[in-house]
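Enquirer: Please take these sequences and the hints and turn them into a complete structure.
So the sequence shown is numbered by this note's numbering: it starts at 1 and just counts up by one.
Don't take every hint at face value.
Claimed, not checked - Here are the computed lysine to any residue pairs in the SDA-like style, where the Cα-Cα straight-line distance is at most 20 Å: (1) 240 - 96; (2) 210 - 108; (3) 72 - 225; (4) 506 - 610; (5) 133 - 143; (6) 710 - 427; (7) 365 - 710; (8) 710 - 425; (9) 582 - 572; (10) 463 - 320; (11) 564 - 494; (12) 431 - 754; (13) 525 - 121; (14) 36 - 325; (15) 564 - 227; (16) 582 - 64; (17) 72 - 578; (18) 210 - 86; (19) 36 - 320; (20) 39 - 29; (21) 582 - 57; (22) 587 - 66; (23) 710 - 432; (24) 172 - 115; (25) 506 - 608; (26) 710 - 369; (27) 420 - 293; (28) 710 - 754; (29) 587 - 488.
Calculated directly from the structure, the hints in this document are not laboratory data.
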Amino acid sequence: MTKGLNQGSAKGLTERSYLVLWLLMVLVCSAILLLKFNKSEQQYHAGLLATLEINTPKHQAAISLGQNYQNKLLILVSHQQLEQAVAMASEIRARLQHQPWLENVYSNPLNSKQLQQLVSYYGASPFSYLADKQKAILTSALTDKQTDAISAQYFSLLNQWADPIVSQSLEKDATLTLASFIKERLSISTQGNSHWQFNQQEFMLKGDDKNYIPIFISIKAEFTNIRDSVDIYQELQNIKASYTHFATENKSASEVLMTGMILHSAAASLQAQFEISSFGLFSLLGVILIILLAFRAITPLLACLAVIGSALLVGIVALTLWFETIHLLAFVFAVSILGIAVDYGFHVLVLRQQTQASAESIRRKVFLPLTIALVSTIAGYSLFFTTPITLLHQVVVFVGFGLVGAYLSALLLLPSITFKSRGTSFAVLPKQNFAYLVIAMVIFAISISGLNFDDHIGNLNTKSTLLVQEEQKVARLTGESVYPYMVLIKANSQDELLADAQRLTKGLRGQGTVLKSIADWQLSKSAQQNNIDLVTANWRLNNYQTIAPYFDESAIASLISQAKPIATMPSFIAQNMGLDIKEVAGKYWTALLLSAPVSDMQMQFISTFENASYVNLPLALSQQLAEVRTNVLQLALPAMLVILVILSLYFGLRSAFIMLLVPTVSAGLALVFSQLFQPSLNIFNVLACLLIITLAIDYVVFFRSHGVTKIISHTISLSALSSALTFGVMSFSTTPAVSSFGLTLLIGICLAWLLSHLTPLTFTNKKAKN
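Expert: Written as structure tokens, this is what we have:
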């Protein structure tokens with residue numbers, strides 16, 4: 001390399017200045033990256049749902065309200081002997097107790113910090129909230145003048161003095177009104193297809209052949225990021241593995257089940273990290289092998305690695321500066337930059353290998369084709385900005401800026417490199433004929449009507465089979481899913497929202513719907529005042545006289561005099577019950593959380609509420625992806641016309657049209673052949689076609705610019721081989737979105753290479769000569 005830099009003082013100074021510019025670019029980017037990482041820790045996402053931008057207020061509210069499930073986990077521990085299950089659960093709780101990420105862990109909700117918080121919160125004004133049963137009793141006492149039910153309920157609860165709800169509530173409310181309310185609400189929160197019950201003071205879930213001891217876990221909000229969620233996931237997996245091993249050695253039937261949204265995020269993150277490292281390593285090794293075969297020298301290898309390194313450095317700097325939170329799948333997609341970046345090095349190094357031209361001469365020869373290649377590739381990637389998928393925006397930024405780094409490195413650094421070696425030739429010069437292109441067009445035209453698309457989000461995301469199986473089993477046992485079905489309600493004020501939620505909750509439950517509602521735990525001020533007035537009216541009519549001797553004479557009078565509606569605190573309810581109120585687009589929103597999809601009758605009832613709507617978030621996301629796919633196809637036509645105009649300016653309209661046909665037909669056939677390996681096509685297959693067109697333009701531009709020669713064929717073959725390698729490895733991803741993208745690109749690049757060699761592109765043309 002130094003030998004090439006020292007040829008002639010004048011030229012040496014010029015080449016040295018190019019080297020200085022390249023070093024300056026590398027140093028500035030390195031400094032920015034170091035400052036960025038030292039200043040703050042980069043945040044990451046995993047899972048395809050985190051990459052989608054939802055523009056409608058309704059879907060934004062649904063996502064925001066669903067975030068309460070991000071920090072909740074449920075572990076179910078079973079054993080043939082209940083005592084052993086209780087002991088195992090106790091050991092697991094003790095093992096988790098001192099974890100820095102733990103906010104709360106318990107097995108019995110009646111002996112937890114949660115109960116203490118509920119008693120403290122509602123005990124501020126015990127008569128503001130009444131159990132439905134007690135409310136009916138008090139209403140009946142006013143109308144029928146019968147007080148027996150009031151005393152019967154009081155003594156029934158008083159006999160349960162060992163119940164933690166009763167014993168803790170007595171300190172706040174001697175009438176046990178508070179105890180009645182909390183017992184009823186906790187009972188509602190665990191209803192459904194499950195069989196929650198108490199056995200010898202142990203809270204348990206009765207299964208068909210096993211009993212399960214639950215462990216409810218809450219994670220601190222600051223530990224729900226990707227890095228910490230992975231640590232939590234691995235810690236829980238270690239716990240599960242240790243108890244599974246224990247159970248196996250003792251030959252006793254036991255089981256540990258885990259479920260929670262954060263587990264899926266962690267599993268997706270681990271899989272993405274594995275694919276980033278394995279795909280990146282495999283692609284890099286493959287590219288190194290291609291370089292060694294093509295040049296059989298260390299100098300070209302080091303030069304190409306410098307180009308790749310510069311591309312990665314510039315891309316990462318741009319990505320970290322542009323986005324506060326990066327999706328890990330962006331790096332999986334961006335592995336493709338290895339194959340594209342090295343192409344720029346190939347074009348320069350092949351000329352250096354085959355000719356003895358000066359550095360400036362080589363730089364002039366490759367400038368136009370490399371510039372067209374850079375602009376067309378970035379233009380193709382930039383169409384991803386038209387989608388609402390943040391992941392693809394990040395890929396555009398990473399690859400776009402990375403290719404600028406590779407482009408500058410190839411022009412500044414590589415022309416001055418000298419080496420003497422003759423590597424393996426990848427040139428292929430078959431007999432060209434337009435018939436091949438016509439046949440390809442006919443095949444595509446016949447097959448296009450049979451293309452089948454399905455953009456359902458569930459078919460595109462990474463899924464851990466083990467987690468899905470456990471989630472399904474837990475759902476069968478508890479009657480709840482890890483992410484519930486939602487009925488959204490909006491209003492102009494919190495009191496109006498709570499009033500609507502109460503009416504809708506009552507109506508749906510009347511139709512047999514199993515749901516959780518914030519109206520169970522949070523009432524409007526007017527509803528609370530109605531409850532206070534109901535108790536006050538019964539007190540004034542002496543309906544409490546039978547039970548009054550059992551507590552201080554002034555107890556009820558004191559509570560009534562201090563009673564007032566409790567201030568609305570959605571954050572408290574969200575922390576304890578997972579139900580919340582959010583403000584989105586100037587409206588207040590809450591959600592009824594259903595354990596199953598709504599029936600036609602329930603949907604009809606929901607439609608009677610003007611500000612209520614059933615939300616199927618996965619379906620909404622899937623429909624949005626389908627709309628994006630249609631929009632992308634509509635945008636592709638004007639984009640291709642722009643490319644046609646650009647090519648026409650350089651090569652003439654006839655040549656430009658044929659040059660554009662090659663990548664377009666290749667992209668179309670890539671879709672056709674991709675469907676042979678997939679149940680259905682999706683938006684990521686379509687997005688891959690855009691890149692096929694922009695990458696294949698390079699092939700025809702080089703053939704048209706320099707003619708069909710062995711050097712150009714050799715260069716294009718190297719370029720196609722490296723691109724096919726880096727994109728092809730993505731087809732082995734466990735994330736269907738990534739594998740679809742990689743598969744179509746692999747097929748399309750191979751077809752584009754083949755058609756560019758088989759289609760005549762060179763014509764005698766004065767404009768082209770000029």
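Enquirer: None of the hints should be skipped; say for each whether it holds.
Expert: So, going through the hints one by one against the coordinates:
1. This hinted pair checks out: residue 240 and residue 96 have alpha carbons roughly 12 Å apart, not beyond 20 Å.
2. The straight-line distance between the Cα atoms of residue 210 and residue 108 is roughly 18 Å, inside the 20 Å bound, and the hint therefore holds.
3. A C-alpha spacing of about 14 Å is found between residue 72 and residue 225, which places the hinted pair at or below 20 Å, so the restraint holds.
4. Taking the CA atoms of residue 506 and residue 610, the gap is near 17 Å; set against the 20 Å cutoff, the hint holds.
5. For the proposed pair residue 133 and residue 143, the alpha carbon gap of about 16 Å is at most 20 Å, so the pair holds.
6. For a cut-off of 20 Å, the pair hint linking residue 710 to residue 427 stands: about 5 Å separates their Cα positions.
7. Simply put, residue 365 and residue 710 have alpha-carbon atoms about 16 Å apart, close enough for the 20 Å limit, and the pair holds.
8. With a CA separation close to 8 Å, the supplied pair residue 710 and residue 425 stays within the 20 Å bound.
9. With a C-alpha separation of about 13 Å, the suggested pair residue 582 and residue 572 falls inside the 20 Å cut-off, and the hint holds.
10. For the given pair, residue 463 sits about 27 Å from residue 320 by alpha-carbon distance, which is inconsistent with the 20 Å threshold.
11. With a C-alpha separation of about 17 Å, the suggested pair residue 564 and residue 494 falls inside the 20 Å cut-off, and the hint holds.
12. With a C-alpha separation of about 12 Å, the suggested pairing of residue 431 with residue 754 holds against the 20 Å cut-off.
13. Proposed proximity of residue 525 and residue 121 is supported: the alpha carbons are some 15 Å apart, at most 20 Å.
14. Straight-line distance between C-alpha atoms of residue 36 and residue 325 comes to about 13 Å, which keeps the hinted pair within the 20 Å bound.
15. For the given pair, residue 564 sits about 45 Å from residue 227 by alpha-carbon distance, which is inconsistent with the 20 Å threshold.
16. In summary, the hint linking residue 582 to residue 64 is supported, as the alpha carbons are separated by about 7 Å, within the 20 Å threshold.
17. Of the pairs offered as hints, the one joining residue 72 and residue 578 holds, with about 9 Å between alpha carbons and a cut-off of 20 Å not exceeded.
18. Restraint check for residue 210 and residue 86: satisfied, since their Cα atoms lie roughly 13 Å apart, inside the 20 Å limit.
19. Between residue 36 and residue 320 the alpha-carbon distance is near 8 Å, which keeps this suggested pair within the 20 Å criterion.
20. As the CA atoms of residue 39 and residue 29 are separated by approximately 15 Å, the hinted pair is consistent with the 20 Å bound.
21. For a cut-off of 20 Å, the pair hint linking residue 582 to residue 57 stands: about 11 Å separates their Cα positions.
22. Between residue 587 and residue 66 the alpha-carbon distance is near 17 Å, which keeps this suggested pair within the 20 Å criterion.
23. Taking the CA atoms of residue 710 and residue 432, the gap is about 14 Å. The hint holds against a cut of 20 Å.
24. This hinted pair checks out: residue 172 and residue 115 have alpha carbons roughly 13 Å apart, not beyond 20 Å.
25. For a cut-off of 20 Å, the pair hint linking residue 506 to residue 608 stands: about 14 Å separates their Cα positions.
26. With a C-alpha separation of about 17 Å, the suggested pairing of residue 710 with residue 369 holds against the 20 Å cut-off.
27. With a CA separation close to 14 Å, the supplied pair residue 420 and residue 293 stays within the 20 Å bound.
28. In summary, the hint linking residue 710 to residue 754 is supported, as the alpha carbons are separated by about 15 Å, within the 20 Å threshold.
29. Restraint check: the Cα-Cα separation between residue 587 and residue 488 comes to about 12 Å, which is no more than 20 Å; the hinted pair holds.
Hints 10, 15, counting from the list given before, are not met by this structure.
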